[in-house]
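Numbering-wise, the sequence shown is residues 1 to 122 according to my numbering.
Heads up, some of the hints might be wrong.
What the hints assert, rightly or not - Lysine-lysine pairs mimicking DSSO-like chemistry, simulated, CA-CA at most 30 angstroms apart: (1) LYS26 with LYS101; (2) LYS101 with LYS83; (3) LYS83 with LYS38; (4) LYS101 with LYS38; (5) LYS38 with LYS24; (6) LYS38 with LYS26.
Hints listed in this document are in silico derivations from the structure and should not be mistaken for laboratory results.
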Amino acid sequence: MDSSGRMPWMRIVTPEEAASPEWKAKTAREAFRGRILKTLDMIAVMRDYMRLRARGRHYSGACPFHHDRGESLWVRPDRGTFKCFDCDLGGTLFDFMRHLKRIDEATATAYLANLAGLSDCR
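Produce the complete structure using the sequences and hints provided.
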């Protein structure tokens with residue numbers, strides 16, 4: 001905690017900011033992305049593009065983003081993240097699709113929403 005008694009990573013949102021169209025659009029977009037991630041099985045989607053091997057609670061495989069002879073890419077489905085320890089690329093399923101298909105974030109969101117059977121952000 002800092003001297004004001006708040007956690008340093010917390011930010012208080014003013015009522016004016018929370019009522020703004022930008023804030024509402026951002027929270028709706030984040031909620032929609034959360035619904036996509038809850039609907040899709042991260043491992044099943046990634047297995048369409050690479051071979052993954054179970055390692056306890058985690059999975060490992062050869063990274064599809066660079067020439068990889070070993071299994072440097074690790075997937076943690078409990079956290080919903082992946083990380084390659086050779087090329088240092090990592091993130092969520094949205095980042096995986098963005099880098100794999102070389103598309104922007106909105107297109108990756110639309111692609112994964114289509115896979116999940118979700119059509120709009122309501």
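Evaluation of the provided hints:
1. In summary, the hint linking LYS26 to LYS101 is supported, as the alpha carbons are separated by about 24 angstroms, within the 30 angstroms threshold.
2. Between LYS101 and LYS83, the direct Cα distance comes to roughly 17 angstroms. Compliance with the 30 angstroms bound is thereby established for this hinted pair.
3. Taken as a hint, the LYS83 and LYS38 pair is honoured in the structure, with Cα atoms around 20 angstroms apart against an allowance of 30 angstroms.
4. Pair hint LYS101 plus LYS38 holds up; C-alpha atoms about 22 angstroms apart against a cutoff of 30 angstroms.
5. With a C-alpha separation of about 21 angstroms, the suggested pairing of LYS38 with LYS24 holds against the 30 angstroms cut-off.
6. Of the supplied pair hints, the one linking LYS38 and LYS26 holds, its CA atoms being roughly 18 angstroms apart against a limit of 30 angstroms.
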